[in-house]
Amino acid sequence: MSDIGISGPIGQPLPRRPFLRRFFDSVPISVLIYAVIVGLIGYGAYTGAQGMGYNWQWYRIPQYFYRVTDEGFQWGEIPIGLVATITLSVTAFLLAMLIGLVVALLRLSGLVVGSAVAVGFLELIRNIPLLVLLYLFYYVLGPVFGFDRYVASILTLAVFHSALISEILRAGINAVPTGQWEAAKSIGMSTSQTYRYIILPQSIRFMLPPLTGEVVHLIKSSAIVSVIAVAELTTLGRNIISDTYMSFEIWFTIALVYLAVTLILSIGVSFLEKKYAVDQ
Amino acid sequence: MTQSKPMIEVTNLDKYYGKFQALKNVSLTVDQGEKVVICGPSGSGKSTLIRCFNGLEWHSSGRLVIDGIEVYEGAKEIRELRQEVGMVFQQFNLFPHLTVLENLTIGPMKVRNIDRAQAEETARKYLERVHIPEQADKYPAQLSGGQQQRVAIARSLCMETRIMLFDEPTSALDPEMINEVLDVMVELAQSGMTMVVVTHEMGFARKVADKMVFMEAGQIVEVSPPDKFFTNPSSERCRLFLDQILEH
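These protein sequences, in sequence, are chains A and B. The first sequence lines up with residues 17 to 296 when you count with our numbering. The second sequence lines up with residues 2 to 249 when you count with our numbering.
This is chain A alone, in the form it adopts within the complex (with noise of 0.2 angstroms):
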């Protein structure tokens, strides 16, 4: 009886596998692993607390989430924070789409002044830091032309994602076999129709398992607009903070609801590759 998945040949067992790996790879030790490496951490931050006599006070944390009061219900700062920062990643990342679609399709064109526009573009984003990018649209071309502080962050998240996102649609566009532009055009199709009809419903499964770790990556990436104060979650978490000193715990919470959200995301977006990879 082996417990590897092949078998030998007939009447001679194969030779077990090292005592050590199947040791470390049982079922109780393994938990028994995790949870000492898990309670290791957990302790380090407890004591670490402690030698620095933090005031633990996890029981002010609800009403950040919601209040009950006199006047009903209500919903606290970081929901309120965490539903403005899913707007401005969803408005920038349709933004960026839009760019890096256009982006793709000048690269794509087969044109020098489109492909030339194209990657001056691309390394002109990728080589600036988006600190930089975001200082660049708010405190220049903010007073320039006159928008604010939102409309500045939008802007430089849909232009720093704008890049990759338009190498993932090229890339996806490229990955469907020459043989079906020239079927598309053999039967008179023009360029766009094919785009349309042909070429882009094949790409979707290439692209969605990269977009979506862009999204998550956008998501993550709004956080840095709290330095020019759009109220969004972490922003929102750092004015808590400033009123209630309680650092620990509310930069645990917000971590974790960062976590809650990229998670489900993924999560929804495996299901989505399932159903494409059936249907195809």
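Hint data in this document are derived by calculation from the structure and do not stem from the laboratory. Remember, it's a predicted structure, so these values are computed and weren't measured experimentally. Errors might be hidden in some of the hints.
[Unchecked claim] Which residues of chain B face chain A? A partial, calculated answer using Cβ under 7 angstroms: (1) Leu-57; (2) Phe-96; (3) Ile-107.
[Stated by the list, open to error] Listed next, the in silico BS3-like pairs over lysine-lysine satisfying Cα-Cα at most 27 angstroms (straight line): (4) A:Lys-291 - B:Lys-139; (5) B:Lys-139 - B:Lys-111; (6) B:Lys-111 - B:Lys-77; (7) B:Lys-25 - B:Lys-6; (8) A:Lys-290 - B:Lys-139; (9) B:Lys-208 - B:Lys-6.
Ideal placement from N, C-alpha and C gives every residue a C-beta, glycine not left out.
Using the hints, position chain B against chain A.
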């Protein structure tokens, strides 16, 4: 048929890929309803030539007139021309995300603006003609290679084409599926379609060809009717080639 203009008129065609010359001074005419079979060793320019006929490749110099339309890079009429000229590829190139029926209707509906009901009726008629009416709602991946190639033929026919180009239509097929595709092509030939076929299926060529063309190194070496071509070709190179492929 009274004196009509040729369907395809090729005059002194040259085609370069960078410095490599793929077609050298090729001239050929194909009349309406004529069946032309092109053969020759690989790399001889057969595929390049017929890919020029519907603008998948552009010739570098010379003149190419298809069904009265002059073909050149940037020609405005190229999309109209492509609707007249159907092409069947070696690798079928069906649209994998669409069902068989949708593969057949998407061209008529989107390019010719025909309504769905009528497009589906036409599609079913041609599926009947390629002997697979029962596969209409399947996806290409669920069909055998021979069935896929017959769907590809039907897809071209649905555009009501006047010329059909075949680029090695049976080369990617398992041997037992070759005949089902050739049978459909023979029937199509008998219906009077103008056909240009690149193939090494000499049995098919004997049966349907009006004109045999032998190409080598980008040049047309021999053009002759099939009885002369198979029994007494005028060029030595063509004789050698035929010996090689007819040996078995």
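Status of the hints after comparison with the structure:
Satisfaction of the interface hint for Leu-57 (chain B) is found here, the shortest Cβ-Cβ separation to chain A being roughly 6 angstroms, below the 7 angstroms cut-off. A least Cβ separation of about 6 angstroms between Phe-96 (chain B) and chain A falls short of the 7 angstroms threshold, and the interface hint therefore holds. Because the closest C-beta pair between Ile-107 (chain B) and chain A is about 6 angstroms apart, less than 7 angstroms, the hint holds. Between the alpha carbons of Lys-291 (chain A) and Lys-139 (chain B) the distance comes to roughly 17 angstroms, so the proposed pair stays at or under 27 angstroms and holds.
Between Lys-139 (chain B) and Lys-111 (chain B), the direct Cα distance comes to roughly 21 angstroms. Compliance with the 27 angstroms bound is thereby established for this hinted pair. With a C-alpha separation of about 19 angstroms, the suggested pairing of Lys-111 (chain B) with Lys-77 (chain B) holds against the 27 angstroms cut-off. A C-alpha spacing of about 24 angstroms is found between Lys-25 (chain B) and Lys-6 (chain B), which places the hinted pair at or below 27 angstroms, so the restraint holds. Between Lys-290 (chain A) and Lys-139 (chain B) the alpha-carbon distance is near 20 angstroms, which keeps this suggested pair within the 27 angstroms criterion.
Proposed proximity of Lys-208 (chain B) and Lys-6 (chain B) is supported: the alpha carbons are some 25 angstroms apart, at most 27 angstroms.
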